[in-house]
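Asker: With these hints in hand, go ahead and build the complete structure from the sequences.
Protein chains: 2
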Amino acid sequence: MKSPSHPRDRGIPEATVARLPLYLRALHGMAERGVATVSSEDLAVAAGVNSAKLRKDLSHLGSYGTRGVGYDVEYLVYQISRELGLTQDWAVAIVGVGNLGRALAGYGGFVSRGFRIAAVFDADPEIVGDDIAGLNVEHIDELEAVIKRRGVSIVVLATPAAAAQEVCDRVVAAGVTSILNFAPVVLTVPDGVDVRKVDLSIELQILAFHEQRKAGGPLMAVDSQ
Amino acid sequence: MKSPSHPRDRGIPEATVARLPLYLRALHGMAERGVATVSSEDLAVAAGVNSAKLRKDLSHLGSYGTRGVGYDVEYLVYQISRELGLTQDWAVAIVGVGNLGRALAGYGGFVSRGFRIAAVFDADPEIVGDDIAGLNVEHIDELEAVIKRRGVSIVVLATPAAAAQEVCDRVVAAGVTSILNFAPVVLTVPDGVDVRKVDLSIELQILAFHEQRKAGGPLMAVDSQ
DNA sequence: GTGACTTTGTGCATCGGTTCACAAAAGGAT
DNA sequence: ATCCTTTTGTGAACCGATGCACAAAGTCAC
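Quick note, the sequences are listed as chains A and B, same order.
Quick note on numbering that gives the first Met the number 0: the first sequence kicks off at 0 and runs consecutively.
Quick note on numbering that gives the first Met the number 0: the second sequence kicks off at 0 and runs consecutively.
Honestly, the hints are just simulated from the structure, not real lab data.
Remember, predicted model here, so these are calculated numbers, not experimental data.
Treat the hints with caution; some may be incorrect.
For chains that are exact copies, the list does not tell them apart, and a pair is met inside one copy or across any two.
Stated by the list, open to error - In the DSSO-like style, the derived pairs of lysine-lysine whose C-alpha atoms are separated by at most 30 Å in a straight line are:
| no. | residue 1 | residue 2 |
| --- | --- | --- |
| 1 | K147 | K213 |
| 2 | K55 | K196 |
| 3 | K196 | K147 |
| 4 | K213 | K52 |
| 5 | K213 | K55 |
| 6 | K196 | K52 |
| 7 | K196 | K213 |
Answerer: What follows is the structure, encoded as structure tokens:
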């Protein structure tokens with residue numbers, strides 16, 4: 000006996016998960032402009048991907064389109080939001096209030112997607128007590144207590160590189176299993192803890208690599224976003 | 000007749016390029032600590048990858064290791080730097096001096112890798128003329144002139160979403176072919192222009208997806224960085 | 001020089017992801 | 001009710017990346 004098609008099979012490919020937020024953003028824009036339904040072709044253009052890929056991605060969530068018509072914008076927004084877990088709100092803590100931490104605390108894109116900044120920490124007594132984007136900066140000593148008290152489940156690390164692993168260990172010990180790391184270090188975490196990293200300097204280095212190629216011999220053209 | 004092995008074949012896989020900066024960072028750390036040679040195994044651990052992958056990546060640059068010994072740290076730093084184009088310095092411009100633009104302008108990780116912030120632009124007359132991390136904020140009207148005068152070849156977009164495409168068009172028209180985009184929009188660019196995007200909110204959404212899964216049924220463990 | 005040991009570089013199997021291309025499904029017109 | 005048009009959902013081929021496993025190449029001790 001073979002498995003009889005996988006309509007709502009659990010196990011969405013990682014590459015698909017990474018694109019769902021992109022589709023969601025495009026769909027939100029369309030909803031605002033009053034668009035009621037959209038074809039895979041149009042949505043693909045808006046999201047900057049190819050339409051076959053888009054359809055295959057969406058098919059992993061279920062059959063939410065209508066052949067000959069397209070997808071209902073509102074309904075698709077809801078389905079993707081639910082799949083990504085954005086129908087609940089997430090308490091996020093930011094550790095490290097340097098330039099970057101400050102920028103992240105004030106970044107509107109977080110709040111607008113069901114993420115609520117529940118706490119901001121720093122080790123510097125000069126900074127503790129300051130008001131950053133309406134939040135009181137708390138001392139790193141309070142880390143574990145505040146995380147537990149406010150139900151923080153996602154932590155953003157914006158500390159200096161040297162402090163990142165130690166803070167990481169502490170938040171993991173406090174029960175956090177999702178970390179977004181901006182510090183330029185490789186974090187070591189136990190199984191079951193999910194770390195994503197963003198390294199601004201790596202992105203520039205990749206651009207420099209391609210830029211150098213273009214300058215050297217103009218016979219390659221690259222476009223990836 | 001078959002092609003007789005590809006020792007310094009041009010055409011390094013994209014996945015490899017994306018990891019080279021990681022290796023470089025680990026190697027810099029080792030050089031500072033006075034380590035002279037390193038095995039693929041040790042370097043792989045420091046960079047958070049598996050050693051077979053590391054060796055295959057390095058083999059794309061050439062045969063820079065010594066069997067039975069490992070890689071010479073200094074030499075490898077040089078080879079990777081050269082390959083990435085970091086032996087020259089790159090003039091970078093930042094457009095948009097909001098929270099994020101400010102943080103980027105002050106980010107030490109750029110300067111330390113051969114990237115020099117050559118200009119900072121904003122449209123707001125209130126901000127133009129301000130001093131950000133030692134740089135004079137210039138008006139966006141000067142964009143094209145300054146880019147050309149100072150030989151800017153990489154532009155970082157930190158503008159509001161609504162302004163990003165227009166600024167992008169202008170910098171491309173001014174001859175820039177490498178763009179790092181922080182605005183949450185899909186940029187349209189001509190062939191030959193390289194765009195990389197960093198979207199902070201997308202990273203959080205991906206974490207939320209996995210976090211939701213963990214909460215729902217604790218039978219999957221993920222770790223990807 | 002010989003042999004024991006270490007570590008690289010790579011052939012090969014495998015896997016996940018992308019793209020093509022088309023049958024199946026839905027809607028609208030007559 | 002039938003035909004024509006549109007667009008989805010997916011099977012299958014393809015492509016790039018990963019990881020195993022080992023031969024080749026080097027070092028070191030004697």
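Asker: Among all the numbered hints in the text so far, which are the ones the structure does not match?
Answerer: none
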